[in-house]
Amino acid sequence: MAGYAGKILRVNLSNGKINKEDISDQMKNKFLGGRGFAVKILWDEVKGIDPLAEGNKIVFATGPLTGLPVPSSGKMVIATKSPLTGGYGDSNIGSRASVHLKKAGYDVLVIEGCSAHPCYLFIEDDKVQILDAGDLWGKDTFNTQDILEERHGKNTGILIIGPAGENGVRFANLISQKGRAAGRVGIGAVLGSKSLKAIVMKGSKEIPIFDEKKLKDLGKEAWADIKTKENYDIWTRQGTMMMIEWADSISAMPTYNFREGTFKFAKQIDGHTAEKIKVGRQGCPHCNARCGIVVRDSEGGNAELDYENITMLGSNIGITELGEAAALNRLADEYGLDTISLGSNLAFLMEASEKGLIDEKLEWGDFNGCKRVIADILNNRGLGEIVYGGVKKASDRLGSNSKDWAMQVKGMEISAYTCQSLPGMALAYGTSPIGAHHKDAFLPAWEIGDRSSYNKEKVRKVIELQRYRGGWFEALTVCRLLWVELGFGLDWYPKFLKAATGLDFSPEHIDELGDRFYALMRAYWVREKDSWTREMDIPPARWFQEPFTQGELKGSSLDKPQYEQMLSWYYELRGWDENGVPRMKTLEKLGLKDVAEELKQNGGS
Amino acid sequence: MVEVKFIGFIAEKMGTRELEISLKQPMKLKDLIEVELSKNRSIVLINLKRGTFDTLIKNGDSVIIMPVVSGG
Numbered sequence: 001m002a003g004y005a006g007k008i009l010r011v012n013l014s015n016g017k018i019n020k021e022d023i024s025d026q027m028k029n030k031f032l033g034g035r036g037f038a039v040k041i042l043w044d045e046v047k048g049i050d051p052l053a054e055g056n057k058i059v060f061a062t063g064p065l066t067g068l069p070v071p072s073s074g075k076m077v078i079a080t081k082s083p084l085t086g087g088y089g090d091s092n093i094g095s096r097a098s099v100h101l102k103k104a105g106y107d108v109l110v111i112e113g114c115s116a117h118p119c120y121l122f123i124e125d126d127k128v129q130i131l132d133a134g135d136l137w138g139k140d141t142f143n144t145q146d147i148l149e150e151r152h153g154k155n156t157g158i159l160i161i162g163p164a165g166e167n168g169v170r171f172a173n174l175i176s177q178k179g180r181a182a183g184r185v186g187i188g189a190v191l192g193s194k195s196l197k198a199i200v201m202k203g204s205k206e207i208p209i210f211d212e213k214k215l216k217d218l219g220k221e222a223w224a225d226i227k228t229k230e231n232y233d234i235w236t237r238q239g240t241m242m243m244i245e246w247a248d249s250i251s252a253m254p255t256y257n258f259r260e261g262t263f264k265f266a267k268q269i270d271g272h273t274a275e276k277i278k279v280g281r282q283g284c285p286h287c288n289a290r291c292g293i294v295v296r297d298s299e300g301g302n303a304e305l306d307y308e309n310i311t312m313l314g315s316n317i318g319i320t321e322l323g324e325a326a327a328l329n330r331l332a333d334e335y336g337l338d339t340i341s342l343g344s345n346l347a348f349l350m351e352a353s354e355k356g357l358i359d360e361k362l363e364w365g366d367f368n369g370c371k372r373v374i375a376d377i378l379n380n381r382g383l384g385e386i387v388y389g390g391v392k393k394a395s396d397r398l399g400s401n402s403k404d405w406a407m408q409v410k411g412m413e414i415s416a417y418t419c420q421s422l423p424g425m426a427l428a429y430g431t432s433p434i435g436a437h438h439k440d441a442f443l444p445a446w447e448i449g450d451r452s453s454y455n456k457e458k459v460r461k462v463i464e465l466q467r468y469r470g471g472w473f474e475a476l477t478v479c480r481l482l483w484v485e486l487g488f489g490l491d492w493y494p495k496f497l498k499a500a501t502g503l504d505f506s507p508e509h510i511d512e513l514g515d516r517f518y519a520l521m522r523a524y525w526v527r528e529k530d531s532w533t534r535e536m537d538i539p540p541a542r543w544f545q546e547p548f549t550q551g552e553l554k555g556s557s558l559d560k561p562q563y564e565q566m567l568s569w570y571y572e573l574r575g576w577d578e579n580g581v582p583r584m585k586t587l588e589k590l591g592l593k594d595v596a597e598e599l600k601q602n603g604g605s
Numbered sequence: 001m002v003e004v005k006f007i008g009f010i011a012e013k014m015g016t017r018e019l020e021i022s023l024k025q026p027m028k029l030k031d032l033i034e035v036e037l038s039k040n041r042s043i044v045l046i047n048l049k050r051g052t053f054d055t056l057i058k059n060g061d062s063v064i065i066m067p068v069v070s071g072g
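Order-wise, the sequence lines are chains A and B. If you count by my numbering, then the first sequence holds residues 1 to 605, one letter each, in order. If you count by my numbering, then the second sequence holds residues 1 to 72, one letter each, in order.
So that you can see chain A by itself, here it is in the shape it has in the complex (with noise of 0.2 Å):
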């Protein structure tokens, strides 16, 4: 089929096998690309095992449209067994790896086994090599990236790990061109633990394409619409930037370990700000709409910032400067380590300082207070011992009530909104398919003028924008961020792909894609939990027993039977039961027979 590389290439590191097969065609119509088909190989083959462990696997995929010429294609999914929260994980990331991936001839790169020495993958083309990576093990990735570009060419895509994957730091990520992050769900330790440290991507061929001229002429008719967009300009000088005003203003930004959602010093760390140290951008290929804003830090590096990373290693830990913040933020990519992750573990041990939980003084806005925590994280010592599993794992360990504001849905950290005032957002986190991230569905804008209410509505828009978000992009695989930030039309995602592949979809059938990958998804948790209960799609107590003490909403917080009420009702709009696992007739529905018979073994209903 057309718009595909038709291949799966397997590399096992534990006997140095290599594989390619061929993907079925009932394959590519049944869950199409991204995060459908690393969903499906690791429904299929990572069962009961440990994340670190010999047999968790590491899928890379890219979808339909990755690599081609229409905007923003430059998206893969990387997805494994989560060691952070032993459910699925996945993320995406955009990177010049994902075009060469598919240009190499694989549409999906499947790692498996451990290496017993350290060594990074080198693809180029039909020729995959195991080489060592002795000389470059324990080095930063800013470092690896400069060592590898000068060893294979600048036209090549990598992704490494850090010492954070290394070592094994649960919220280990993975890192391409000195800032591109994926990776929330702790897939560096995966790789860590396998001993690879990178994987170097070379492509030279030809996608096929079913209707070439149609797609070149779509291609620069959206690139040239993206252009007219009112949001563009601001949006690439600031980029998800310009978020941290938005967000102060309406108290949706997490500010002192999600207690409050305004910050008094927000002015000092918004976009405005970034623009006046701004040296550079980065971006995606095929965008027109690059993103990515560098700024010099507060220690003369450069640092690539988003919102999320700089309200979480800002305004979260009272950082008051952004240059402090981003260069925490280049620390962390320099490392390897989440920035969400991190943001919220050193806001968790802020408190716990604050409260006496531990002994060891850790103030707000502490900066080279922060900066040996994230040595001692990377070292498994001190502070850093304490939340190297992240904050759910640290709560477990303190105790006394920690957990009520350890800041996480299913031993996740939650991504930067804070939800006190906004239940549909608290019920986009609860029920996010990898943990507490916005990546799926993003409500405040939706739901803003209606803040108190709690109603099918809101679910149902939950679920609507699950299926487009986490459903429908995460399959073809491309940036979400063009139709949700600029308003660029989601009428011309069919018409891509129908000339790329040839494939028709309608929203009817776009609609049961996402679902499909939720249902599954959902029962991958299940079925690798014991402990699977419906508590795992609620949010930390913080957002209902502590109302904010400032701002125009004072006195705000969740009320949680009402939350109850809505999560009851997602559950039974998706066709999941009381205790929000798949029913069986769903998931026949959905064509994923197998699963229910699998899930049957597990109790399922």
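Calculated directly from the structure, the hints in this document are not laboratory data. Just so you know, even glycine gets a beta-carbon here, dropped at the ideal spot from N, CA and C.
Take a look, some chain A residues computed to stay more than 12 Å from chain B by CB distance:
1. M27
2. G399
3. K495
4. E572
Facing chain B, a subset of chain A residues (Cβ under 7 Å, in silico):
5. E230
6. N231
7. T240
8. M242
9. E245
10. W246
11. S249
12. F442
13. A445
14. G449
15. V484
16. E485
17. G487
18. E552
Starting from the known structure of chain A, fit chain B onto it as the hints suggest.
For chain B alone, kept in the frame of chain A given last:
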């Protein structure tokens, strides 16, 4: 006094991020602020509750006109 805050590209269109206006009598927002915006790409909040350009504004109100965004 009415406080009006403009965010993102709307601030750029207006040439300012904040305005303070004193009203002699309540008036519709559209009579107070003139700005051309695409349909469904902006949000009006009056005292942090959803409003429109037809909402009546009075002294003491705080108004935010912001783009529809989606949090990255």
